[in-house]
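S.K.: Construct all of the structure, not just a fragment, from the sequences and the given hints.
From first to last, the protein sequence lines are chains A and B.
The letter at position 118 of the first sequence is residue 345 when you use our numbering, and the numbering goes up by one with no holes.
The letter at position 29 of the second sequence is residue 31 when you use our numbering, and the numbering goes up by one with no holes.
No lab work stands behind these hints, which were simulated from the structure alone.
Some hints could be false.
What the hints assert, rightly or not - Once the Cα atoms are required to be at most 25 Å apart in a straight line, the calculated SDA-like pairs of lysine to any residue come out as: (1) B:K28 / B:L47; (2) B:K264 / A:V271; (3) A:K269 / B:E266; (4) A:K330 / B:K102; (5) B:K273 / B:N259; (6) B:K102 / B:Q199.
What the hints assert, rightly or not - Each pair of labels, with its calculated beta carbon distance range: (7) A:K322 / B:R221: 31 to 37 Å; (8) B:L92 / A:N313: 51 to 57 Å; (9) A:P333 / B:E46: 55 to 61 Å; (10) A:D334 / B:N60: 50 to 56 Å; (11) A:K330 / B:G261: 30 to 36 Å; (12) B:F198 / A:S357: 35 to 41 Å; (13) A:D334 / B:M207: 47 to 53 Å.
Quantities reported herein were computed from a predicted structural model and do not represent experimental measurements.
For every residue, glycine included, the Cβ atom is placed at its ideal position computed from N, Cα and C.
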Amino acid sequence: MISKKVILTGSFGVGKTSLFNQFIFKTFSDKYLTTIGVKVNKRVVTIDDQEVSILLWDIAGEISQDKVPNSYFLGASAIIYVVDLNRPITFQNAKTDLDHLKKIIPDSLIKVVGNKIDLIEEDKIEDLKSIMPVPCDIFTSAKNGINVEDLFSQLASELLANN
Amino acid sequence: MIETQVKNNFDEETFLANKLRDILLKNDRASIHKLEGILDNQDELAERISPIVDYKINLLKQKFPKEFQLAVNQIVEKKMKESQEEILDLIYPVLGRMIKKYIVHQFEEIKEKIDNQVSSLFTLKGLKMKIKSLIYGIDDTELLLSNIDKPKIEEVHIIERDSGILYGSATLRPTIDRDVIAGMLTAIKSFVEDAFQREQEELEMIEYGSYKIFIQNFRSYYFSIAMSGSLSVSQRHELSASILTFAEKEILQLLSNDGAEKYEIISEKLKLHFYDTEAKIFN
Numbered sequence: 228m229i230s231k232k233v234i235l236t237g238s239f240g241v242g243k244t245s246l247f248n249q250f251i252f253k254t255f256s257d258k259y260l261t262t263i264g265v266k267v268n269k270r271v272v273t274i275d276d277q278e279v280s281i282l283l284w285d286i287a288g289e290i291s292q293d294k295v296p297n298s299y300f301l302g303a304s305a306i307i308y309v310v311d312l313n314r315p316i317t318f319q320n321a322k323t324d325l326d327h328l329k330k331i332i333p334d335s336l337i338k339v340v341g342n343k344i345d346l347i348e349e350d351k352i353e354d355l356k357s358i359m360p361v362p363c364d365i366f367t368s369a370k371n372g373i374n375v376e377d378l379f380s381q382l383a384s385e386l387l388a389n390n
Numbered sequence: 003m004i005e006t007q008v009k010n011n012f013d014e015e016t017f018l019a020n021k022l023r024d025i026l027l028k029n030d031r032a033s034i035h036k037l038e039g040i041l042d043n044q045d046e047l048a049e050r051i052s053p054i055v056d057y058k059i060n061l062l063k064q065k066f067p068k069e070f071q072l073a074v075n076q077i078v079e080k081k082m083k084e085s086q087e088e089i090l091d092l093i094y095p096v097l098g099r100m101i102k103k104y105i106v107h108q109f110e111e112i113k114e115k116i117d118n119q120v121s122s123l124f125t126l127k128g129l130k131m132k133i134k135s136l137i138y139g140i141d142d143t144e145l146l147l148s149n150i151d152k153p154k155i156e157e158v159h160i161i162e163r164d165s166g167i168l169y170g171s172a173t174l175r176p177t178i179d180r181d182v183i184a185g186m187l188t189a190i191k192s193f194v195e196d197a198f199q200r201e202q203e204e205l206e207m208i209e210y211g212s213y214k215i216f217i218q219n220f221r222s223y224y225f226s227i228a229m230s231g232s233l234s235v236s237q238r239h240e241l242s243a244s245i246l247t248f249a250e251k252e253i254l255q256l257l258s259n260d261g262a263e264k265y266e267i268i269s270e271k272l273k274l275h276f277y278d279t280e281a282k283i284f285n
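M.R.: If you want it as structure tokens, here you go:
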């Protein structure tokens, strides 16, 4: 079994901890609690009979990623950059943030996740895509669990392929 | 008439003298002319002078250490004296940190010895121990130490420094997921080191109640040893030495193993080494 460090990051209130809880514990809470520092947990994902232990670091949200201590990102095999589809302010800095992250960990996989898709009307999604500075790799809802398993399965497959 | 004759003789002498000078100086003048030509032509001059200059430079290089060592030493010495303040500014923080660490360590050891002596002399328990020591002929410090809360290694982990991924671990009792412990410890360590930015310093211990987690850092990994009980300064140093021994003897070989059993092999080695160490140091 291989172990990989994966970081959940993005602006505050985008649903990182909800994605974390949904992936690790399959639970969701409406109560908003700011993450202080970092929370770490793991889940083993099986892809084609191969196990990948995903050590997920849920980092406290910051408006800009250069505010997050660089050492949190070191040694990460993948980064999940989460934006809130309902709040354009959370993806305004996406390009700068991703450039910053690529500088710190150039070999890391990066997934841009548009969260809270459950709050978006279907006909608005295309408009939303057109105003985003970076395309989302996947749209999720931590609340309903939409695409959360797919996100981590895709990630695990790519991590296995890169190993 | 006579005047005319004299003049003619003078002119003839001058003419002859000039002619004689031309004959005598002919070769010298040719040489001077040639030299002027060389001096006026830079390329030609360089061609002639360069070998001599090169030769002299080589000679200087060969003889420099012998001939000028004393002079250079004097200049360096003078410069160092003049720049003493700047040099001290550069060296002082490094030396200061080393000295400070050493002094703190020495004070801890002295304090511990004094505390032990005081408690063994002035308490009822101490008095009893003194009597016991006299009766059985056992050193009273040993008796005192054996009576206090014995240190015990609860858990040992080797963790990859940046990612927090667990290389191996040993524990005597079931705990929560060790991967999570390793990840959270790394996160705490990163947080503390980033937050306080003490240059080269790193988190070395986490303490709550009588439970302590000792952290010993290496370049790409670190050891975390969770302990219960009271650990004396000398025991702490023995533990640290034991970690160094393990790192020196085992770790490179263990980490270079890419097999599926890597985690199990490292964990088994840790268990053997550290529970053996515990027996040697703490009993």
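S.K.: Now tell me if each hint is right for this structure.
M.R.: Hints and how they fare:
Our distance criterion of 25 Å between C-alpha atoms is met by K28 (chain B) and L47 (chain B), whose separation comes to about 24 Å. Taking the CA atoms of K264 (chain B) and V271 (chain A), the gap is about 18 Å. The hint holds against a cut of 25 Å. Using a Cα cut-off of 25 Å, the hinted pair K269 (chain A) and E266 (chain B) holds, with the two alpha carbons roughly 19 Å apart. Taking the CA atoms of K330 (chain A) and K102 (chain B), the gap is about 37 Å. The hint is violated against a cut of 25 Å.
Of the pairs offered as hints, the one joining K273 (chain B) and N259 (chain B) holds, with about 18 Å between alpha carbons and a cut-off of 25 Å not exceeded. Between K102 (chain B) and Q199 (chain B), the direct Cα distance comes to roughly 18 Å. Compliance with the 25 Å bound is thereby established for this hinted pair. The beta-carbon spacing between K322 (chain A) and R221 (chain B), approximately 35 Å, falls within the hinted interval of 31 to 37 Å. Taken as a hint, the range 51 to 57 Å holds for the pair L92 (chain B) and N313 (chain A), whose Cβ atoms sit roughly 55 Å apart.
Hint check: P333 (chain A) to E46 (chain B), Cβ distance near 59 Å, so the stated range 55 to 61 Å holds. A C-beta distance of roughly 52 Å is found between D334 (chain A) and N60 (chain B), which places it inside the suggested range of 50 to 56 Å. A beta carbon spacing of about 34 Å between K330 (chain A) and G261 (chain B) agrees with the range 30 to 36 Å that was offered as a hint. Range check, F198 (chain B) to S357 (chain A): about 45 Å between beta-carbon atoms, so the 35 to 41 Å window is missed.
The supplied range of 47 to 53 Å is broken by D334 (chain A) and M207 (chain B), whose beta-carbon atoms lie about 33 Å from each other.
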